[in-house]
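Trainee: So the chains spell out like this:
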Amino acid sequence: MDMRLNLPGLPDFSFKNPILTASGTFGYGIEFAPYGDLTTLGGIVVKGLSLAPRAGNPMPRIAETPCGMLNAVGLQNSGVESFIKDKLPKLPWRDLPVIANIYACDPGEFAELTSVLAREQGIAAIEVNISCPNVKEGGILFGQDAAQAARVTEAVKRVAGDKPVIIKLSPNVTDITTIAKAVEDAGADMLSCINTLSGMGVDIRTRKPLLANVIGGLSGPAIKPVALRCVWQVCRAVNIPVIGIGGIASAEDVLEFMLVGAHAVQVGTANFVRPDFSFRLVREFEQLVQKMGITDLEEFRGSLKA
Amino acid sequence: MTNEQCTTLKVLDNVPFGQVSGEHLFFALRLERPEWKNWQPGQFVMVRPSGWAMDMLWARPFSICRVSNRDLVLFFQVVGRGTRRMATLKSGDEVMVWGPLGNGFAVEPDTPTLLLAGGIGIAPFVGYVHSHPKPWNLHMEFGHRMPLNCYPYESINEKIMGDAHLEEKPEDLTLFIERMDKRIQEYGEQNGLVLACGPTPFLRTVQHLALKHKVRCQLSLETRMACGVGACLGCVTKVSDDMHANGVAAGRAQVCNHGPVFWADQVNLSEG
Numbered sequence: 056m057d058m059r060l061n062l063p064g065l066p067d068f069s070f071k072n073p074i075l076t077a078s079g080t081f082g083y084g085i086e087f088a089p090y091g092d093l094t095t096l097g098g099i100v101v102k103g104l105s106l107a108p109r110a111g112n113p114m115p116r117i118a119e120t121p122c123g124m125l126n127a128v129g130l131q132n133s134g135v136e137s138f139i140k141d142k143l144p145k146l147p148w149r150d151l152p153v154i155a156n157i158y159a160c161d162p163g164e165f166a167e168l169t170s171v172l173a174r175e176q177g178i179a180a181i182e183v184n185i186s187c188p189n190v191k192e193g194g195i196l197f198g199q200d201a202a203q204a205a206r207v208t209e210a211v212k213r214v215a216g217d218k219p220v221i222i223k224l225s226p227n228v229t230d231i232t233t234i235a236k237a238v239e240d241a242g243a244d245m246l247s248c249i250n251t252l253s254g255m256g257v258d259i260r261t262r263k264p265l266l267a268n269v270i271g272g273l274s275g276p277a278i279k280p281v282a283l284r285c286v287w288q289v290c291r292a293v294n295i296p297v298i299g300i301g302g303i304a305s306a307e308d309v310l311e312f313m314l315v316g317a318h319a320v321q322v323g324t325a326n327f328v329r330p331d332f333s334f335r336l337v338r339e340f341e342q343l344v345q346k347m348g349i350t351d352l353e354e355f356r357g358s359l360k361a
Numbered sequence: 003m004t005n006e007q008c009t010t011l012k013v014l015d016n017v018p019f020g021q022v023s024g025e026h027l028f029f030a031l032r033l034e035r036p037e038w039k040n041w042q043p044g045q046f047v048m049v050r051p052s053g054w055a056m057d058m059l060w061a062r063p064f065s066i067c068r069v070s071n072r073d074l075v076l077f078f079q080v081v082g083r084g085t086r087r088m089a090t091l092k093s094g095d096e097v098m099v100w101g102p103l104g105n106g107f108a109v110e111p112d113t114p115t116l117l118l119a120g121g122i123g124i125a126p127f128v129g130y131v132h133s134h135p136k137p138w139n140l141h142m143e144f145g146h147r148m149p150l151n152c153y154p155y156e157s158i159n160e161k162i163m164g165d166a167h168l169e170e171k172p173e174d175l176t177l178f179i180e181r182m183d184k185r186i187q188e189y190g191e192q193n194g195l196v197l198a199c200g201p202t203p204f205l206r207t208v209q210h211l212a213l214k215h216k217v218r219c220q221l222s223l224e225t226r227m228a229c230g231v232g233a234c235l236g237c238v239t240k241v242s243d244d245m246h247a248n249g250v251a252a253g254r255a256q257v258c259n260h261g262p263v264f265w266a267d268q269v270n271l272s273e274g
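Order-wise, the sequence lines are chains A and B.
Under our numbering, the letters of the first sequence match residues 56 to 361, in that order.
Under our numbering, the letters of the second sequence match residues 3 to 274, in that order.
If you're looking for bench data, these hints aren't it; they were derived computationally from the structure.
No experiment lies behind these values; they were computed from the predicted model shown.
Among the hints, a few may not be true.
[As the list claims (entries may be wrong)] Partial list, derived from the structure: chain B residues whose beta carbon lies under 8 Å from chain A:
id : residue
1  : Leu59
2  : Met98
3  : Pro154
4  : Gly236
Even for Gly, the Cβ is constructed at its ideal location relative to N, Cα and C.
Extracted from the complex, chain B is given alone in its bound form (with noise of 0.2 Å):
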């Protein structure tokens, strides 16, 4: 029984996360809580304010950050034409929003989980964090080019142990690489789970390490969406021979409904 829905839910709050060069960019958007039955961590949502005309004809695609009893929590960065005006969103406001859609994270309460983050793909790890049944068993490596504060980080930090590396030069990315490196090594060497969501460069470091080192990883991709429902074919990604006899056309796979989280074994990330 499928799960997903569109709907139109009203805006509690738009709350701006720290500045940068006095200017706000990341946002925790706070929705009503939509009428789903159930959702996971690392599944995401489209997003589209009612109050868009036919300028813009696309929603946008956002993890989803937490799900509590009252509300849904989305955690954006203004990146563009559409995350700017949706800063501009204010309580009251109308939205319109269907999901939950794609799949989660896996979630295995016993085993080691190490979650690597890179700068807004922290946001559904927030989600995880506060759902999971063992939250001791989870460490994250967060990386980061903003100032702390404009993350969701202390919510994660007052959970589970993270670690918080800020890239302001070349060097300071060697170093935070080198620490992956040797912390998805670890994982590996205890059967543990490596996870991991963020731009798609920091996606393919990951990738490149975790299969050097023979780790279970799992990654959550980015990319632009149209439809979100697998329709549109614009969030493709090249994916391996075993998913082929798992309905995907000719060797891409659509980022929406057979993603946004592949094993990392699963995916090739040469395009886009």
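So here's chain A without its partners, still in its complex pose (with noise of 0.2 Å):
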């Protein structure tokens, strides 16, 4: 059956299927060209980019727990010209959507990069990280404040021309359908949600932080209860398409989120369980869906009876 997605309000946009990758967990897509077709991807979200080279966080920044892992990367990336000039060329973009994830200080930074990015063809759409836990300046302040978040969704759409703009919400607040109502009146063409969940671990030989950071993002299959929940409330909050982000692993569990509401999910930790694990979950949901005998995508989604 035909995978492809429609979303509403973007009439020049679809994925091929509901199946990207988030950003973070895959580089920028040309790492794991060894282990599968790219283009058999619904999209793919490269890893955040700022407008300078960032360096961040000191070592140890990840560290495994029980069916998830922690993480204070701190953004790290060679700047977005660098992407654009060395990385994006290498990739098949032109049969697969490319979506630029950024992450800037304040919303006239994240302006100057939407429309660096803005101009290049080889981008499908931009995903705006307002929610990053383990920066210190501008990160996840953006994301728990409606008030902010819809200032740089303003400030991000104002230039984006006609390139959609996701806007990546955190988990880590009292209530994410304000912050997600708040971005959508601001313009924002879709949403992605959740970001990784605040988390730490320690060492009780060393009396050490697992993370040189102290604290970091929680994410994999330990978050996903987390995570279909917030996406199910933020689907019964906004007109806007949704992809569902957190700890899949299965083609059981793409369906569970489009099943809340979801148009599309993001996979990130379990493409560190195997590197071709995202290009056999395309096929394993093809599968699945058959063995369902669901004909139709858009009339199984959001279709939960609750």
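Assembly of the complex is requested from the two constituent chains, each provided in isolation within its own frame, with the hints serving as guidance.
Mentor: And the structure:
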């Protein structure tokens, strides 16, 4: 069956299937090319880009937890210009929606980054990270305050041209729907939720935290119930498409997120379970949909009997 | 053309080496040979037993110990949850393997080459020694804390000259460092090559001595990894300016795909 997703409000934009890869877990995409055909994916979200190169946080930056992991990478990247010059041309962007995830310290800088990326033919959409828990300046603060989140959204939308703008929401808030509605009103075309949950780990032998940054972002199957709840709440609160993220590790998980209303999903930490994970998931999802006798994904989407 | 693959391989056997307090902590894991076109000593693979559920998400990185026509051999030490469970692997079990990953050690057949191994850091040198075209140009100094029969030292010793140094008390470590200092100086004087693999404190010492004696030296870094392919940025190390131009972001390079082997004057081992 046709897995293509047409998105309401975005007549010129579609994903060939609902399985995308999440920012920070799939590098710039090129790293995974030996393990599968990138063009079979619904899309990829490249790792967070900033205007200037960023060194990120000190080591250790990652730790394994039961059914998950903690990270405090701190948005290490080589900067947007380097991405456009060195990485983007290596991606099969004509056959693969490449979504640029961006991070900045203030709305003006978000807009500057967006205007650079808006000129690039190879960029399909822009995902705005207002929810990173691992950076001191900006980061999650934008995502925890509805007015700030709206300001960033407006600034980005003003210069995004015809590129759809996706706002990535944080679960580390009292009411995620308040932020979701604020950014929808500010012009967001899509939402992706959720970013990582704030967490920490410690070692009783060394008496040290597992991460040099002490606090990091928890991801992986451990957070799936939280993500599912957030996506369900957000889907009921807004009228724009929502991309579900959080612990997706099987074809069943993809359908669960669609059942609560997501149009698509992003696979994150599972890309570390094996490098061909997302490629296999596309195939397994198609098989599961057929096996379950689902003939119309749009009809299935949001059909939770709650 | 890239050569990396992600494939499921059968365990041929999982042979314990030596004993520590009646327990086996060191194993040679022998797997079916993957369909690689080529590999270099010093490269590594990510290994995740198929039986692991989602409890432990990450595969574990291991140096390639040896590859023959029949098998791929990895040598590992039990240090945590993952390796403890890997110790229970038996013939017929399946493991997922991706690789060969990273770069390898320099091979300069006619250059006198000193191999410095600390503990489990001996593993990649098995492949290095057995695939080197002129092994008579190699010599090893091996520092270890567990009994010598815990390590694949015999396999190296049958091919090249080596000296093993057991560290039981602090004075032993001092003597080993003095020995390495002397040997590194000798290799510097004859424009030789020094290669080292072992825990980070060991590598810091080797790096210090190599820079002091201005000898060409490569270090194979050991670090925690999640993906092994350069995506998670969990295994970075600080690097020098000349690597910045090489696609490295803001002074930190991924050990997995920019290493694990670095020239000693390129890395700063202060973190982690």
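Trainee: Take the hints in turn and mark each one as holding or not.
Mentor: Tested hints:
1. Leu59: holds (5 Å)
2. Met98: This interface hint holds because 6 Å falls under the 8 Å limit.
3. Pro154: Violated, about 28 Å.
4. Gly236: holds (3 Å)
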